[in-house]
Every structure is written in C-alpha cells, then in structure tokens.
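One-letter residues, chain by chain:
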Amino acid sequence: MRVRRLAAWTALPLAVTLGLAACGSGGDGGSGGSGSSAVSIQISEPKHLVPTNTTETSGAQVLAGLFSPLVDYDAQNKPYEVAAESVTSSDNKVWTIKLKDGFTFHNGEKVTSEDYINAWNYGAYAPNGQDSNYFFEKIAGYADLQGKEPKAKEMSGLKKVDDLTFTVTLSEPYIDFKTTLGYTAFFPLPDAAFSAPGVVKDSYEQAPIGQGPFKMKGSWQHDSKIEVERYDAYPGEKPKVKNVEFRIYQQLTAAYADVLADNLDVLPTIPTESLSTAPSDLGDRYQSSPMSSFQFLAFPTFDKDYSNPDVRKAISMAIDRDEITKSVFKDSQAPARSFVSPVLPGYRDNTAGAAGEFNPTEAKKLYQAAGGPSKIVISYNGDGGHKDWVDATVNQLKANLGVDAVGSAEPKFADLLTKVENKQPVGAFRMGWVMDYPTMEDYLGPLYSTNGSSNYYGYSNPEFDRLVKEGSAAKTQDEAIAKYQQAEDILAKDMPVIPLRFGENVYGHSSKVKNVEMDLFQRVNLIKIEAAS
Amino acid sequence: MLRYILRRLLQMVLAFFGTTLIVYALMFAGQGDPIQALAGERPVTPAQRAYLTEKYHLDATGVGGFFYRYFDYVKNLLQGDLGQSLTGRQIGDILQAAWPVTVKLALIALAVAIIFGVSAGVIAGIRRASIFDNSTLVLTLLVLGIPTIVLAPLAQYFLGVKWQLFPPTAGSQPTFYALLLPGIVLGSLSLATALRLTRTSVAENLRADYVRTARSKGLVKRRIVTVHVLRNSLIPVVTFLGVELGNLMSGAIITEGVFNIPGVGFNLFRGIRTEDGPLVVGIVSVLVVVYLVSNLLVDVLYAVLDPRIRYE
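Protein chains in written order, with our numbering: chain A, -12 to 520; chain B, 81 to 392.
A couple of the hints might just be wrong.
To be verified - In the BS3-like style, the derived pairs of lysine-lysine whose C-alpha atoms are separated by at most 25 Å in a straight line are:
| hint | chain 1 | residue 1 | chain 2 | residue 2 |
| --- | --- | --- | --- | --- |
| 1 | B | Lys135 | A | Lys34 |
| 2 | A | Lys499 | B | Lys242 |
| 3 | A | Lys456 | A | Lys480 |
| 4 | A | Lys188 | B | Lys135 |
| 5 | A | Lys140 | A | Lys125 |
| 6 | B | Lys135 | A | Lys138 |
| 7 | B | Lys135 | A | Lys135 |
| 8 | A | Lys501 | B | Lys242 |
| 9 | B | Lys135 | A | Lys140 |
Keep in mind that the hints were calculated from the coordinates and are not lab data.
Computed from a predicted structure; not experimentally measured.
Extracted from the complex, chain A is given alone in its bound form (with noise of 0.2 Å):
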C-alpha cells in the first residue's frame, strides 16, 4: 500500500504540471487577421534582417518597408531617385550621391552621408560574414578588407563630402553601379546599430532601425511574425496601409489554405500543387506580374559527351518549352529562348535563335552528326519541385533523339553544386538565376564569365569576356547594350547553357485587400497596397 500511495503522489504532480502547462496561455494571440487593421503578408523565416546581411526574399520584403533605396525602378526598369537627391558621374567611375533631406531614422536620428559609408564599410569588410559582402566588388579598395585578417577597414573609395553627399570611386569604371544601387545591401545603417564603430549589435537584426516608410513594431517574433508599421515622419510617398504584419510560413499550402479563408491577406507565390485549381478558387485575386527568374539547363562543357555545341543545341531543339511550361507549369511560366530576361532594358526576343525553336527532325540529325551521348542525364535537386519537368523533358529527349534520357535527383542543390564543382559526372543539371539589380550585366557576368561567380559549367571565351568587360566600363547606355547584345548572341552561338523558362510572379489576396502589385524581386509593394472597403 505504501508504495502504491507514493507512486500516486509522485505521478499525480508530474500529470498536472503538464496539464497546466497546456492550458497556460491559452486565452492570448490567435492567428486569425480579422478584427485587427494589420494587412497580413506571407514570407519565410527570414535569415537575417541587416541589410548587408539579406539576400533572400523574406527578408527584403521586410527590409523593404523598413528602409528606402537610393533608387528604385520604373515601369521601363529604369532606376530613378528615391532616398538620393542625385547619383551622377562625368566618367562613370566617380560617383557623386547626394542624399534628399528630411530623412531620418525611426529612433530620430538625421540621416547623414556617413550612415551609408559606415554601413557599407560593415558589408564589405570579411570577417563579419555578410552575405551582400561581394556588391562592393566594384568599389575601390574593397580587395583591402577581404581574407582573414584585412589590411584595412574601411574602404578607400567611400568619401564623406558634407552631410549630404558622398563620393563612391569604383576601382574600373561601371556604368550600371547607379541601378545596383537599388539593391537592399546599399541601404544605410543609423549609429544605434553599432555597439563600436564596424560592429554591429547583436540585437539590432531583432528590431532593425531604419529611414523607410514603416517602423518596427516590437520585435522579429521568431518562426511566427514580424509586425511594423507606419512611420509618420517619412518625407517620401506615404504608405496607405498603417500596419503590416509579415507573418511567417513554413509551408506555402498552408498560407494557401489561410488565403481561401481570409485569413491572410497577401500571398506572394502560390504553391505548385495549386496552381491548377487556384484561378476557380481565388477568381480575380488570382494574379500574375513579371519576374526576373530565369531557369536554365547548364551543361559541364568540360565533359567530352557535351563539349560539342552541336550536341548542346540539338539537345535544345528537342525540348518543347511551349508544352512543358502549358502542362507542367500551367503557364505560371514562360519559355525563354533568350539568355537576358525580358524585364530588361536591352531584352531581345529569341536571341538563341534556330536552336531556341522546337523541332524534333532537324534536333536528332544535329545530334547524331554530332556524336553525342546515348544517354542523357539531367540532374537536379529533389527538394526543389523540379522532378516534373525534369520528367516531361528526358521525356521528350527520349522520343526526339532516341536516346536514352532520364532525370537524377540529389537532395540538395548544395550536393548537386559540390559534386558539378569537383567535376563528377552528373550529366546536363538544372539551375535558376534570380537577378539583383536590373541590368543585363547581372544575367552575363556572373554566369558565364571566365571567373564568373556562378559558372559551374568551365565556360570561358575571352572574347565574351571582353565584350561583358567593355560594356560595363562604356559610356553611355546605349553603347553598353549593344556591347552585352554582341556577348549575348556569342552565347547563343556556344550554348554553355539552354535556356528554359522565365519566371512570372504568381499571387493571390484576400477580399480584404486591393491594389497588390508585385515587383521583379518577388516583393509587395508596400505603398501601394490598399485595404478594400
């Protein structure tokens, strides 16, 4: 009996300690939006929110109410002043940048030409692992403050003229660096956000500061929402809306599920397994805008199977993009047949020209005059949503070559990445580009430039890089474009890569909201948005 009893009260405790903890806080919060005036915008769980730090979309959309650009972009993708009073340059290579004033920070501050070259400094200097540090490539000075211990912390090429105006000297000159400035690495950072000069607090990124039109309100709520709201002592166009919350998602079809009940407002993509039944569900809240993605077939021209640009154009012709991109993406994308997308100044229809259009008979000629490989691979990564049209086209490889084709996942792209840069044999693999800033430099040079930062396929013509190199050191935009036009169609000559699709943003709202409009970078735009009455 003793132990009976004991037993009793030393469980009995136990039990409703975990009972109570269950019924703790159970009255607070709930995820419903109704009732509250907050418009509600999915994202993900950010990965940082420093603005040197922040390269994914979560966290830019966030930024991107937070803070305002030097520039941003008009219809024509065109950059035009924001936060900057003027960005000039005689030579393309000294820039001036004047600020407007009237600018501050949410905490009061004035903001001064130094919050830009502080927070910039702060990017570009490599032990603090900031993962925008590569933007400042271009800036004079900036190799001084790269590997493990830098010759300097500052870089050379940021002077302070007076309050409002600084200069920016590249070390070559760039005529595309005023719309790179658009970019959320090159928004400024108030003093607050440093705890010494070149570090930045810990616990700036849980409640950023920033000179945008909404503020924070309370902190990052980790893995559940991020709230701001409107900051009535922003000069430039006002925002509409008086709160945002950007509630965070880890499954888009969950978000989707909120959408239908009006439980979310704003829906940035819309799931893949969705997409078939979204236009019914959603009616005229189902929308679609342009985007800047860009996916692509790459080929390791290293390997003797696909070194031949006849086997890589064959391979090209035998793929219907028209098809794939109508049953497999239900035309939330678009086929590409030109290596720029068509959100750029200086886009052309068709640059790859024969070897972009279908055509099965003349693809299997090519292709075996060529002597290429019985057996085409298409690797991608599983985790991704590709194993669709990887299928549709080692489909119709099989069928317009006869060959034998088939798709290989690995799970990640990173081991996909590692095993194409020790050059195992992975055949043909996917990829995707999303650019930074609008400028055709964006969609060549890192991609298939000798020491480009993304070229995983051993592609090098110097004469292409010659003409990327001459088109960014031009002097006016006209001359620029046409010299990336030439490198393009060098490109579509060699086909280091085909290219697939372009992206298209996918959206949809609630009924309590009206006027969403998405940009090229997959964000809200925040000013526009309007609560429907």
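Position chain B relative to chain A; hints supplied.
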C-alpha cells in the same frame, strides 16, 4: 521505490549521453556541405565560408575532429548552453519558443486518444461483436490506413477552408480552439491504436476468474467494470500512451507543417533539411529526455494500477 527511481535516473544519464553521441555521429557522417545548404541556391563567397567554418569548427574533420566537436558540444551542454544553430540563433531560444506549443499540441492529441480511444475501447470490449464494436473496428482500420500527410490537408480543407468550423492554421501562439483540429488529426492515429488495445484487453479481462468471482459475489456490473476490469486492462494502454507522448512530440512534423505551427517537429525537420547539425542534436537531446521521463512515469504508474507490481 525511491531507490528504484534513483537507479533509473542514473541510467537515464548514461542513455542520454549514449544517444546524443550516436545522433552527433550520424549528423557528422551525413553532413555534406552545411554552409552551401544554408545558402540554398546562391554561391557562397569565400569570406562567408571562412567566417562560418571558423565559427562552427567545420574545419575539424575526421575521427579526431569528430570527438573534438562532440566534447566541445557536451562541455557547453553541461553549462546549460545548447549552442548556436547554423543560422546564428541560440538553440535554447528556438526550443523555448517551439516547446510550449508542441507540448500543448501533444497533450491535446493525447487527451483525444484517452477520452475517445479508451472509452470507446471499453464499450467495444464489453459489447463484443455488437454493431458498435464492428463499426469502431472498421473506423479504426480506416484511420490507421490513412497517413497523416493525407488526413491533415483533408481536414484542413474541409473543416478549415470549406465549412470554416476551425481556423485553417494555428500560428505560433494559438488559442486552444485553433489547436483543436491539429490535435485531433495528430491524436487520431494513437486514438485508433489505444481503442484496439483497450478493447482486446477489456474483452480478455472480462473472461478472467476474478470477474467471475466478483459476479458470483453479486457485485453490480458497473462496479466490476470500472474498478476491477478497467484497472487491470489499462496497463498495456498506459505503456502505449507513455511512449506515444514522446512520439507525438517528435512526430508532429507533418501536422505542424500543414497547420503552420512552429513547434519542435518543424524545427527538427528544418534542421535536417539544412544540415544544421547543432540544431538537430539539440532538439534530439531534449526529445531523448522526454522519452526517458515519460517511460519512467509509465513504470511508476504500473504500481498504481496493479498493487502486485513492486519495485525494489
């Protein structure tokens, strides 16, 4: 009894270090390139790579490197520091946020299993071969046959979106009501098993000698069932539910994803996906403790249910 519990607690320490060592070793062996995994589809700059490699001792490879990193981890763990995940957040903070909501969800699921599963099991056991018994058997078969990955979205679509009886998602600070639907979905599987276990056990005990004796003494049926049969029938059910509590906490990955509950299951999934070794090991360590404690609780409960069971 006290000596027994103390001995079990000592065993738990050993089991804890054994399991963390194994999980750490598995994570270590399976790790590809965590830095690239973290960056997703972007190229990683050399500066970034050097920074992260140094911060997480990723340059320590091979057997020596493994023990160096493991002991470094254990050292911090003993100081109450679970370390940082590869995203730079404190794992302690992540768990602190994820834990309460998962516990709530698991307890709702467990309550559903106990209230519905055990009581229906008792009724089915008493009225064997009745319509109720047969229909619950078919229903449990159905529930056991449908995986959560199908059941959860279906429940969300019909009960949440179409008929709007429940909110479709719960979020991170959910109300009891918002957690009810995911709790039922999560609990349905253990409900079916608990029902079947109870039914068999009750049916068996009803035929036992002591029930016949009680009946011949003239005891009313209600007293026979509640006091004599139920108590003896609950032992296998309690064993099952005790282990199930641990399962519910770690196994809520799918349910948490579908209903957008940022709990333990989701964080575990994210850790595995991004090869975030420290996060996975941190969560598993805590889950191991949950399993060990709930097992101890079950063993102690045996003595309450059956006085013949004694611990020395």
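Worksheet entry | Structure-inconsistent hints, enumerated in ascending order | none
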